[in-house]
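A.B. asks: With these hints in hand, go ahead and build the complete structure from the sequences.
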Amino acid sequence: MPIYEKASVSDFLAIASLDREAWKLNNNPEFIPDGEHVWRHWVDYALVYTAKEAEKVIGVILAFPCINGTWCVHKVFVDDDKRGNGIGSKLFEVLLAEIDELQVDCFLTVDPDNNSAITLYEKWGFTERTFIAGYYRSNENRYELTRYTTNKKISDI
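Numbering (the numbering used here), first residue to last: 964 to 1120.
It should be emphasised that the hints constitute simulated quantities derived from the structure, not laboratory data.
Ideal Cβ positions, reconstructed from N, Cα and C, are used throughout, including at glycine.
Any given hint could turn out to be false.
Stated by the list, open to error - Derived pair list, reagent style SDA-like, types lysine to any residue, alpha-carbon separation capped at 25 Å:
no.	residue 1	residue 2
1	Lys1045	Ala1060
2	Lys1019	Val972
3	Lys1086	Ser1052
4	Lys1038	Asp1068
Said to hold, decoys possible - What follows is a list of derived Cβ distance ranges for each label pair:
no.	residue 1	residue 2	range
5	Gly1097	Ile966	33 to 43 Å
6	Asp1074	Glu999	23 to 33 Å
7	Asn1102	Tyr1008	29 to 39 Å
8	Thr1090	Val972	27 to 37 Å
9	Lys969	Thr1112	16 to 26 Å
10	Ser1079	Asn1102	20 to 30 Å
C.D. replies: Laid out in structure tokens, this is it:
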């Protein structure tokens, strides 16, 4: 059974390593994932939660504040061998409980073809959907999904 906790500085190298592995499953794996430098900052200044088994990081979720007062849920990933066990859902539960306490809106982006992720995000209250063509490059479209503080809190779901 994984332990879910806020990431500490001692976790950032393991997080960056797992990020590199998870990124290989992306539709455009040739582009560079976030590196150790930015993960070090996120662990210090953003909301980063980990799932660990036997002290090994097997899942991560990250949200950071934006200048407009919202929070961006930027990343969630789970070790490929551990997927399908509810770890990503539990990470969302832990993160969104803290965002609810902050009483702020949050958003994330998702590949429009990733229907399973969209269904999961909608379950968590990300109800407003905006299509953005060419979000990264001309052939990489995204949905921006927003979760408002007026939505149900995690404890109500």
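A.B. asks: Against each hint, give a clear statement of whether it holds in the structure.
C.D. replies: Consistency of the hints with the structure:
no.	hint	in the structure
1	Lys1045 <-> Ala1060	holds (23 Å)
2	Lys1019 <-> Val972	holds (14 Å)
3	Lys1086 <-> Ser1052	holds (10 Å)
4	Lys1038 <-> Asp1068	holds (16 Å)
5	Gly1097 <-> Ile966: 33 to 43 Å	holds (40 Å)
6	Asp1074 <-> Glu999: 23 to 33 Å	holds (25 Å)
7	Asn1102 <-> Tyr1008: 29 to 39 Å	holds (33 Å)
8	Thr1090 <-> Val972: 27 to 37 Å	holds (35 Å)
9	Lys969 <-> Thr1112: 16 to 26 Å	holds (22 Å)
10	Ser1079 <-> Asn1102: 20 to 30 Å	holds (21 Å)
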